[in-house]
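One line per chain: the protein sequences are A and B, in this order.
Read in order, the letters of the first sequence are residues 262 to 473 in the working numbering.
Read in order, the letters of the second sequence are residues 63 to 823 in the working numbering.
For the record, the hints were derived by calculation from the structure and aren't laboratory data.
Computed from a predicted model, the values in this text were never measured in an experiment.
Heads up, the beta-carbon is just placed ideally off N, CA and C, and yes, glycines get one too.
Do not take every clue at face value.
[What the hints assert, rightly or not] With a cut-off of at most 20 Å between alpha-carbon atoms, the simulated SDA-like pairs for lysine to any residue come out as follows:
hint	chain 1	residue 1	chain 2	residue 2
1	B	Lys502	A	Val295
2	B	Lys124	A	Val295
3	B	Lys524	B	Arg667
[Stated by the list, open to error] Label-pair restraints from in silico Cβ distances:
hint	chain 1	residue 1	chain 2	residue 2	range
4	A	Ser371	B	Asp364	29 to 37 Å
5	A	Lys392	B	Gln627	52 to 60 Å
6	A	Leu384	B	Met184	25 to 33 Å
7	B	Asp364	A	Arg388	42 to 50 Å
8	A	Ser371	B	Gly418	21 to 29 Å
9	A	Ala415	B	Ile133	30 to 38 Å
10	B	Arg107	A	Gly277	42 to 50 Å
11	B	Asp364	A	Glu385	22 to 30 Å
12	A	Asn313	B	Lys93	26 to 34 Å
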Amino acid sequence: MSYAYLFKYIIIGDTGVGKSCLLLQFTDKRFQPVHDLTIGVEFGARMITIDNKYIKLQIWDTAGQEAFRSITRSYYRGAAGALLVYDITRRETFNHLTTWLDDARQHSNSNMVIMLIGNKSDLESRREVKKEEGEAFAREHGLIFMETSAKTAANVEEAFINTAKEIYEKIQEGVFDINNEANGIKIGPQHSPSNSNLPPGSKSPSQSSGCC
Amino acid sequence: MFGRFSTALQNAVDVLAPPPPLHEDFAYHWKKLIRDYLDATNGRRLPVELTNIPARFEQILKILAREDQEIEDENRPGPCLEYLLQHSLLDLLATLASSDEPPGTRQYVFQFTSRFLNNAKMQQIAHTNVFQPLQRLVSQCDGTAPGPTEFFEVRFLLSLAAVVRRNPSLVPVFTCGLENSEASPERYRRSSCCSSEQSCLSSSCISDVSGTASSSQTFQNLIGAQISSRSTTPHNNPLFTPLVTSSRSKSVRLVVQPEAACQDCQAVSSSSSSDDNKSLVVDESAQFPLLDAAISYIQSPDCHVRVKACQAIMLLVSIPDSRAAEVIVSDTLLLSRLTARLCDLYHCIPFTTEPGAIDDMHVSWGLDMASSDVLWAEGSRQLASFLAWYDFCDQVIAEAHSTIGQALAWEIRDKFLSEIFVEDTLSQPLAITLLAKMFKVASSRLLNEALSEWLVGDRIVKETPSSKNPTILRNLLSNWASPRTDLVLETLRFFEVVLDKSDLKVLDALMFVYLDSYSFLDACNNLDDTLEETIDPLQIERIVQSFVNLVPVGLRVNDDGGYEQYVAESRRQYSAVLSSLKGVPVANPTPVRPQNELSACKTRRELFFEGPFLRTLFNSLANIPYQAYEVNLELTGIVSKVCLRPERSVSTFLIESPFLKLVPEADTLHSVLHRVATLLASAVIARPDYEACLRATRHRLITEQPQPPSPSKAKENEWNLTFENIVVIEELCKELAAIAYVKYQHRANCTSKLPIKITDT
Chain A
262 MSYAYLFKYI IIGDTGVGKS CLLLQFTDKR FQPVHDLTIG VEFGARMITI DNKYIKLQIW
322 DTAGQEAFRS ITRSYYRGAA GALLVYDITR RETFNHLTTW LDDARQHSNS NMVIMLIGNK
382 SDLESRREVK KEEGEAFARE HGLIFMETSA KTAANVEEAF INTAKEIYEK IQEGVFDINN
442 EANGIKIGPQ HSPSNSNLPP GSKSPSQSSG CC
Chain B
63 MFGRFSTALQ NAVDVLAPPP PLHEDFAYHW KKLIRDYLDA TNGRRLPVEL TNIPARFEQI
123 LKILAREDQE IEDENRPGPC LEYLLQHSLL DLLATLASSD EPPGTRQYVF QFTSRFLNNA
183 KMQQIAHTNV FQPLQRLVSQ CDGTAPGPTE FFEVRFLLSL AAVVRRNPSL VPVFTCGLEN
243 SEASPERYRR SSCCSSEQSC LSSSCISDVS GTASSSQTFQ NLIGAQISSR STTPHNNPLF
303 TPLVTSSRSK SVRLVVQPEA ACQDCQAVSS SSSSDDNKSL VVDESAQFPL LDAAISYIQS
363 PDCHVRVKAC QAIMLLVSIP DSRAAEVIVS DTLLLSRLTA RLCDLYHCIP FTTEPGAIDD
423 MHVSWGLDMA SSDVLWAEGS RQLASFLAWY DFCDQVIAEA HSTIGQALAW EIRDKFLSEI
483 FVEDTLSQPL AITLLAKMFK VASSRLLNEA LSEWLVGDRI VKETPSSKNP TILRNLLSNW
543 ASPRTDLVLE TLRFFEVVLD KSDLKVLDAL MFVYLDSYSF LDACNNLDDT LEETIDPLQI
603 ERIVQSFVNL VPVGLRVNDD GGYEQYVAES RRQYSAVLSS LKGVPVANPT PVRPQNELSA
663 CKTRRELFFE GPFLRTLFNS LANIPYQAYE VNLELTGIVS KVCLRPERSV STFLIESPFL
723 KLVPEADTLH SVLHRVATLL ASAVIARPDY EACLRATRHR LITEQPQPPS PSKAKENEWN
783 LTFENIVVIE ELCKELAAIA YVKYQHRANC TSKLPIKITD T
């Protein structure tokens with residue numbers, strides 16, 4: 262299945278906020294309560310539709326620990342969207358958002374769409390960060406905001422898809438130069454003159470995930 | 063009533079037959095694993111997937127994870143882990159991986175070990191019965207056998223690299239003089255000085271059931287010492303005793319540490335006496351097999367494997383430890399392999415690659431795998447591989463310990479740039495395009511410095527007009543006069559990129575070193591007046607008009623406005639240039655030479671030489687009537703970039719020259735442009751319809767309508783070219799007038815006490 266556009270995303274935020282679980286829920290529609298620590302950067306992909314157009318999302322899930330920053334900084338470049346995740350049950354993950362945002366803004370292209378995500382909304386009883394605080398932070402820094410639960414899948418689809426919609430609108434408005442790959446956007450292969458000879462063994466671009 | 067009874071009954075059952083403790087469960091699965099192994103290898107060659115071995119691994123990991131969750135004292139291993147340590151289970155697994163019996167086992171061992179590492183604590187890794195098997199496993203990873211196991215091997219290396227990156231005090235454990243042979247005698251000797259027992263499948267596997275392994279001998283003492291002293295490689299550490307029989311020949315390298323690194327190393331290891339500015343790395347036993355193993359996978363045909371290997375390399379080079387950095391620079395394959403791959407990938411780029419494809423391509427190493435998704439044009443895949451690898455090197459230089467970053471930047475300068483881009487290569491348009499791309503995308507400070515040094519040399523030597531030594535810069539400048547339009551164009555674009563980079567060293571070599579002494583000024587100039595800061599609107603107007611008037615009146619077509627149309631764009635560009643000069647005072651960026659030094663010029667004067675760059679630029683401008691339109695257009699881009707430089711000497715020489723008396727040998731921008739404009743005018747002025755032709759040409763060029771040259775009308779094409787060049791010159795003069803306006807307006811605003819009202823046009 263060919264796509265009209267390909268968007269590249271990164272998922273960033275402190276360790277243990279549920280970045281890998283969000284990706285797994287989005288690509289495989291399942292939840293894994295015990296997840297190994299992400300080492301370096303892992304990869305997932307899924308096809309969505311916006312405006313009756315197929316859009317392929319390539320998502321890089323980054324390790325949250327400081328020790329991995331030397332790797333993850335490379336992935337900011339060339340991303341069209343970023344999901345910046347914190348854990349509503351751990352105040353410190355919210356307090357670190359400014360550092361993450363500075364790092365992202367410094368190393369990414371200026372048009373990158375950033376979605377702020379307060380994850381683990383199912384753990385209402387252990388909540389430490391009010392929803393209003395997330396909203397205020399997003400407003401102050403020009404981000405989109407959502408609370409999600411990778412466990413119950415609440416808002417997970419929406420988080421990924423709304424980010425894509427925002428990028429799509431920016432393309433329509435001409436903000437993103439789609440011919441500049443550094444923006445993290447590619448035009449689908451049907452626009453390419455030689456799409457008939459796919460390389461042998463190339464993976465089906467339908468819903469798939471794996472690690473890179 | 064009944065409920066209470068059943069609870070009591072359950073309690074009684076639990077007392078009589080409680081669920082087996084975790085460690086018993088663990089031992090059970092382990093013994094079963096061994097039994098499965100023996101069954102599977104007993105004559106039959108069953109693939110591992112048809113045995114219970116994968117399921118046993120899974121069970122064992124689950125039990126370890128559960129124990130980890132339940133454990134209260136984090137510093138003491140739980141009974142399952144204790145069992146794993148005491149019975150050298152990882153050592154057995156390393157042997158299993160080595161034999162790969164039953165077929166496919168190897169992959170499961172690496173998978174198991176990766177996950178074990180991802181959850182392990184530092185104290186566990188430092189245990190003799192853990193790090194030794196890990197070293198054995200590392201030595202089994204050499205990237206020589208592409209296949210399904212490769213991915214699990216490299217993921218294991220990445221997991222281990224992550225452990226070491228998080229715990230730099232483990233570096234000594236993994237930078238030992240371990241030879242890569244499994245049966246290396248050194249290894250055994252070193253092991254014995256750590257008083258650990260050897261275990262191998264034959265001796266302890268079967269007896270494992272009866273538990274013959276001796277009690278755990280930990281490396282805690284060593285690690286404790288490491289942490290407390292924060293010195294990463296104590297000299298009395300048995301791990302660092304030189305191995306007499308080391309077969310590996312080493313090059314002794316003098317590691318010069320940059321200041322930043324030096325401060326760092328003093329902070330980290332103040333107790334280490336050899337940590338001075340220059341430390342001689344002669345530790346014959348030091349090696350970093352983990353890094354060398356990761357490097358061996360960078361050429362894998364599988365991009366997933368390559369990216370994981372790169373991630374592992376990135377983690378290890380960024381360990382904040384100056385000793386580790388020295389070992390990596392001196393005793394691993396990092397510098398040579400990374401640079402060699404850059405050379406190899408460069409040579410793979412087909413000659414037919416379109417320069418446009420190079421300009422448009424944006425790749426970064428980490429997104430390498432995405433390339434499988436994209437259908438590249440001819441040659442683009444090779445190009446993408448090269449650029450992705452260049453990006454990786456750039457990022458390594460940016461992220462690595464500064465000792466490594468500097469060493470790699472120099473290695474790339476000496477072994478890639480200097481060896482590939484030799485005289486012959488510098489006359490190939492594709493090579494020049496790639497050079498321009500490399501200059502453009504380089505982001506790390508050290509790589510940019512290395513590029514600059516390659517281009518203009520370590521030390522700037524002022525050349526004379528008669529200098530004939532074939533430097534890189536001279537070779538590139540000689541391309542400007544080439545009859546090959548594509549070569550000229552690509553070279554001009556390269557210089558445009560270089561000027562955009564604004565590297566002061568390069569600008570010094572191109573211009574400043576020749577102009578900063580103001581030796582182009584005749585001695586009769588009153589230097590105080592010449593370098594006067596204040597400037598009034600009348601002077602600005604005179605300077606602006608000096609450019610506008612370069613084009614003879616008869617050739618000027620002012621239909622679409624004069625220089626004013628360029629002012630806004632020039633102002634934007636000038637602000638960009640100024641903002642790129644961080645920390646340099648904007649009003650007067652170049653300190654003016656003291657007066658007495660200038661006076662000295664009066665007594666004994668050397669002939670003025672504007673330098674090879676400006677001379678080539680003037681020559682090319684003079685050649686405008688005989689050059690292709692595209693070349694001339696590109697040339698005007700260079701001229702305006704040069705004129706936008708805020709340095710005072712550049713402005714004085716290039717922009718103010720009509721109002722100064724210069725030494726007789728000095729050619730100026732004004733005189734060159736004036737000669738060209740006059741020459742072009744004389745060529746067309748005899749034609750009665752020249753004004754109409756000029757208008758038509760202007761209209762065509764500005765609306766960017768292509769006019770394909772028709773071979774039947776050679777004469778007409780020649781005329782077209784002349785008219786096109788007139789338009790180019792006129793527009794260039796307007797742009798230069800606008801630049802002059804913007805610059806002097808800026809200076810006036812900065813220096814005048816009374817604000818000068820300058821109307822924006």
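- Message: Taking the earlier hints as the rules, which of them does this structure contradict?
- Response: 1, 11 and 12
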